[in-house]
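First to last, the sequence lines map onto chains A and B. For the first sequence, the working numbering gives the first residue as 2, with consecutive numbering after it. For the second sequence, the working numbering gives the first residue as 133, with consecutive numbering after it.
What the hints contain is simulated information worked out from the structure, not anything from laboratory work. No experiment lies behind these values; they were computed from the predicted model shown. No residue lacks a Cβ here, since even glycine has one placed at the ideal position from N, Cα and C. There may be inaccurate statements among the hints.
[Said to hold, decoys possible] Across the chosen pairs, the derived CB separations fall in these ranges:
id: 1; chain 1: A; residue 1: Asp76; chain 2: B; residue 2: Thr235; range: 50 to 58 Å
id: 2; chain 1: B; residue 1: Phe135; chain 2: A; residue 2: Val106; range: 41 to 49 Å
id: 3; chain 1: B; residue 1: Thr235; chain 2: A; residue 2: Ala85; range: 37 to 45 Å
id: 4; chain 1: A; residue 1: Ala59; chain 2: B; residue 2: Glu205; range: 38 to 46 Å
id: 5; chain 1: B; residue 1: Leu164; chain 2: A; residue 2: Trp105; range: 37 to 45 Å
id: 6; chain 1: B; residue 1: Ser168; chain 2: A; residue 2: Arg41; range: 44 to 52 Å
id: 7; chain 1: A; residue 1: Trp105; chain 2: B; residue 2: Glu205; range: 45 to 53 Å
id: 8; chain 1: A; residue 1: Val106; chain 2: B; residue 2: Glu204; range: 28 to 36 Å
id: 9; chain 1: B; residue 1: Phe201; chain 2: A; residue 2: Leu108; range: 26 to 34 Å
id: 10; chain 1: B; residue 1: Phe201; chain 2: A; residue 2: Ala85; range: 41 to 49 Å
id: 11; chain 1: A; residue 1: Met39; chain 2: B; residue 2: Ser202; range: 17 to 25 Å
id: 12; chain 1: B; residue 1: Glu204; chain 2: A; residue 2: Trp105; range: 49 to 57 Å
id: 13; chain 1: A; residue 1: Pro68; chain 2: B; residue 2: Val193; range: 12 to 20 Å
id: 14; chain 1: A; residue 1: Pro3; chain 2: B; residue 2: Leu163; range: 34 to 42 Å
Each chain is listed here by its residues.
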Amino acid sequence: MPKPSIWFLRSALIHLALGFTFGGLLLWNKGIPIHPLMWRLLPAHMEFLLVGWTVQLALGVAYWILPRFYTQRGDVRPVWLAFALINCGVWLAGMGATLAAPGWVILAGRLFEAGAAGAFAVNAWPRVKPMAQDASHRK
Amino acid sequence: MPFLTRLFVKTALVYFIAALLAGLLVAARPLLGLPSIVAALTPVYFHLLMVGWVTQLILGVAHWMFPKFSREEPRGHDWLTWTIFILLNGGLLLRVFAEPIRTVNTDPLWGWLLALSALLQWLAAMAFVANVWPRVRGH
Numbered sequence: 002m003p004k005p006s007i008w009f010l011r012s013a014l015i016h017l018a019l020g021f022t023f024g025g026l027l028l029w030n031k032g033i034p035i036h037p038l039m040w041r042l043l044p045a046h047m048e049f050l051l052v053g054w055t056v057q058l059a060l061g062v063a064y065w066i067l068p069r070f071y072t073q074r075g076d077v078r079p080v081w082l083a084f085a086l087i088n089c090g091v092w093l094a095g096m097g098a099t100l101a102a103p104g105w106v107i108l109a110g111r112l113f114e115a116g117a118a119g120a121f122a123v124n125a126w127p128r129v130k131p132m133a134q135d136a137s138h139r140k
Numbered sequence: 133m134p135f136l137t138r139l140f141v142k143t144a145l146v147y148f149i150a151a152l153l154a155g156l157l158v159a160a161r162p163l164l165g166l167p168s169i170v171a172a173l174t175p176v177y178f179h180l181l182m183v184g185w186v187t188q189l190i191l192g193v194a195h196w197m198f199p200k201f202s203r204e205e206p207r208g209h210d211w212l213t214w215t216i217f218i219l220l221n222g223g224l225l226l227r228v229f230a231e232p233i234r235t236v237n238t239d240p241l242w243g244w245l246l247a248l249s250a251l252l253q254w255l256a257a258m259a260f261v262a263n264v265w266p267r268v269r270g271h
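Okay, chain A solo, but in the shape it has when bound (with noise of 0.2 Å):
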């Protein structure tokens, strides 16, 4: 597994730890009553688990599988860059509506994660092709 997606898919998990944590405190809050001010949880749990458990997974995962280039999976630098956006896009967005921060702080998040997006196309793009145009580079 390439160093990067050993990155993602580790973030990963720990968005997936801190996403049912802030679930599990959630329905118990709802099953037996802790604090009201629980429910401001919600936005980071579900920020931590769409975007920092599950997209950043497929990040992880399609930077390791999809077709190579040879042996290479092409220029890595956008795929750090999107590593960076998306994990500041996820904490920015998710805490940002959880501690009730200013509405710039959680729409930089939303931009850092779109950035990831593109940054991460960048590198996926062209790999995203048929197994015949490898056997033609060859020739």
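Place chain B on chain A using the hints.
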């Protein structure tokens, strides 16, 4: 495909169908005048889809495809994967019944069952992270 992966993936497919049927019921409620307990299925619908289908599918495929844990136990500890399967599905099924029933039945038992559901699902997530973390690595 290992037995545990087949179990996770087939269970995930059942939840996928159940989730979309729950979504159908929620959408049909105002049109068909269905009882108010059906409206309480909205969070159940989301979690059947995101935990029962998406997360469970990921867990099953990760068990199968991630780099081997060791020569003796290539997919990590099978007993732990069984535990994850039981905890996740036990917790989710408990939620599916306890959450809507709690809206029409004031017996505190349903609140406690919801808290138990939260605990079971949280334990499943923590066990999955512990089990798969050592498998997220290079060759």
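Can you list which hints this structure breaks, lowest number first? Checked against the structure, the hints that fail are numbers 4, 6, 8, 9, 10, 11, 14, while the rest are satisfied.
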